[in-house]
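Visitor: For reference, the chains in residue letters:
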Amino acid sequence: MENRIAQLRKERRITQEELADAVGVTRQTIISLENGRYNASLLLAYKLSRYFGLTIEDLFLFEEEEPLC
Amino acid sequence: MLIKLFTVSEKDNYREVLRHRSAIALTAAALGLATMVTPALLLHFLPDLNAHAMGYYSGGGASIFGMGLFAFFGIRRTLRDEKRLRSEQIKETDERSREIKRRAASLTILLSILCLYIGLLVAVLVNHTVYLTLIGVLAAFILIFLGSLLYYGKKL
Chain F
1 MENRIAQLRK
11 ERRITQEELA
21 DAVGVTRQTI
31 ISLENGRYNA
41 SLLLAYKLSR
51 YFGLTIEDLF
61 LFEEEEPLC
Chain H
1001 MLIKLFTVSE
1011 KDNYREVLRH
1021 RSAIALTAAA
1031 LGLATMVTPA
1041 LLLHFLPDLN
1051 AHAMGYYSGG
1061 GASIFGMGLF
1071 AFFGIRRTLR
1081 DEKRLRSEQI
1091 KETDERSREI
1101 KRRAASLTIL
1111 LSILCLYIGL
1121 LVAVLVNHTV
1131 YLTLIGVLAA
1141 FILIFLGSLL
1151 YYGKKL
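Chains as they are written, first to last, in the numbering used here: chain F, 1 to 69; chain H, 1001 to 1156.
Any given hint might turn out to be false.
As the list claims (entries may be wrong) - Calculated lysine-lysine pairs in the DSSO-like style (CA-CA distance at most 27 Å, straight line):
1. H:K1091 with H:K1101
2. H:K1091 with H:K1155
3. F:K10 with H:K1155
4. H:K1154 with F:K10
5. H:K1155 with F:K47
6. H:K1101 with H:K1083
7. F:K10 with F:K47
8. H:K1101 with H:K1155
9. F:K47 with H:K1091
10. H:K1155 with H:K1083
11. H:K1101 with F:K10
As the list claims (entries may be wrong) - A partial selection of chain F residues facing chain H, derived with a Cβ cut-off under 8 Å:
12. Q7
13. Q16
14. G24
15. V25
Said to hold, decoys possible - Estimated spans, in silico, between C-beta atoms of each pair:
16. H:R1084 with F:E65: 40 to 50 Å
17. F:E63 with H:R1084: 33 to 43 Å
18. F:E18 with H:G1147: 39 to 49 Å
19. F:R27 with H:A1105: 41 to 51 Å
Hint data in this document are derived by calculation from the structure and do not stem from the laboratory.
On a predicted model such as this, the values are computed, not experimentally measured, just so you know.
All C-beta atoms in this analysis are idealised placements derived from N, C-alpha and C, irrespective of residue type, glycine included.
Make the full structure from the sequences, and use the hints.
Guide: Below is the structure:
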């Protein structure tokens, strides 16, 4: 799932370390989220969107899956 | 590592978790010490006790005693330092790290089962006792797995 974490973080001049500390994860987790290698849990998605003052839908770009036939 | 994975969650009071863990570490150190002195007592009742068994008790006991003490003092150090406490909590409750450990544990189990299967195929041709031992291990694994499924089925 794509997200806007890196973009928003750079816009607001926040380091990965600061963001990680604010939401209670390691810097490696922020790196993986930004690279799209790891999908955040609902709890972490909520913490991140609250940190940026956005809704989860604004921060994480959900792609609709093809319905199963 | 696995103990840490299963004994702490983000919801827990980390300071309390560490206090419980330090009690476990002290208990482990006491058990290790008891295991270390067991050969001396056993020699009194079993004068023919072989050197390998004595070394096994002493070595195993000393390791557990050492690890228990090391963990106990490490936890105490963490409890006294707020910055270190926060950093350790983040390291232990970080969801990606926990996911990595879960996946590593799953892969380890899968490979262990594969090795067990190969071992059974070889043992059935070579040694009946080894074969029965491996069958026992497999049965224990399946029972524990089914028990865990039931437990988590009710818990989650």
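Visitor: Hint by hint, say whether it matches the structure.
Guide: Now for the hints, and whether the structure bears them out:
1. Straight-line distance between C-alpha atoms of K1091 of chain H and K1101 of chain H comes to about 12 Å, which keeps the hinted pair within the 27 Å bound.
2. Of the pairs offered as hints, the one joining K1091 of chain H and K1155 of chain H holds, with about 25 Å between alpha carbons and a cut-off of 27 Å not exceeded.
3. As the CA atoms of K10 of chain F and K1155 of chain H are separated by approximately 41 Å, the hinted pair breaks the 27 Å bound.
4. The hinted pair formed by K1154 of chain H and K10 of chain F fails the criterion: a straight-line CA distance of about 44 Å is larger than 27 Å.
5. Restraint check for K1155 of chain H and K47 of chain F: the C-alpha separation of about 25 Å stays at or below 27 Å, so the hint holds.
6. Pair hint K1101 of chain H plus K1083 of chain H holds up; C-alpha atoms about 25 Å apart against a cutoff of 27 Å.
7. As the CA atoms of K10 of chain F and K47 of chain F are separated by approximately 18 Å, the hinted pair is consistent with the 27 Å bound.
8. Between the alpha carbons of K1101 of chain H and K1155 of chain H the distance comes to roughly 21 Å, so the proposed pair stays at or under 27 Å and holds.
9. As the CA atoms of K47 of chain F and K1091 of chain H are separated by approximately 17 Å, the hinted pair is consistent with the 27 Å bound.
10. A distance of roughly 34 Å separates the Cα atoms of K1155 of chain H and K1083 of chain H; the hinted pair therefore is violated under the 27 Å criterion.
11. Distance restraint check for K1101 of chain H and K10 of chain F: the Cα-Cα separation of roughly 30 Å exceeds the 27 Å cut-off, and the hinted pair is therefore not satisfied.
12. With its C-beta approaching chain H no nearer than about 20 Å, Q7 of chain F sits outside the 8 Å limit, and its interface hint is violated.
13. For Q16 of chain F, the interface hint is violated, since its Cβ never comes within 8 Å of a Cβ in chain H; the closest pair sits about 13 Å apart.
14. Interface restraint check: G24 of chain F against chain H, minimum CB-CB distance 6 Å, threshold 8 Å, status holds.
15. Taken as an interface hint, V25 of chain F checks out: its beta carbon lies about 5 Å from the nearest beta carbon of chain H, inside 8 Å.
16. Judged by the Cβ atoms, the range 40 to 50 Å given for R1084 of chain H and E65 of chain F holds: they are separated by roughly 43 Å.
17. Checked against the given bound of 33 to 43 Å, the beta carbons of E63 of chain F and R1084 of chain H, roughly 41 Å apart, stay inside it.
18. Restraint check, E18 of chain F to G1147 of chain H: a C-beta distance of roughly 44 Å satisfies the suggested window 39 to 49 Å.
19. Against the hinted window of 41 to 51 Å, the Cβ-Cβ separation of R27 of chain F and A1105 of chain H comes to about 24 Å, which falls outside the hint.
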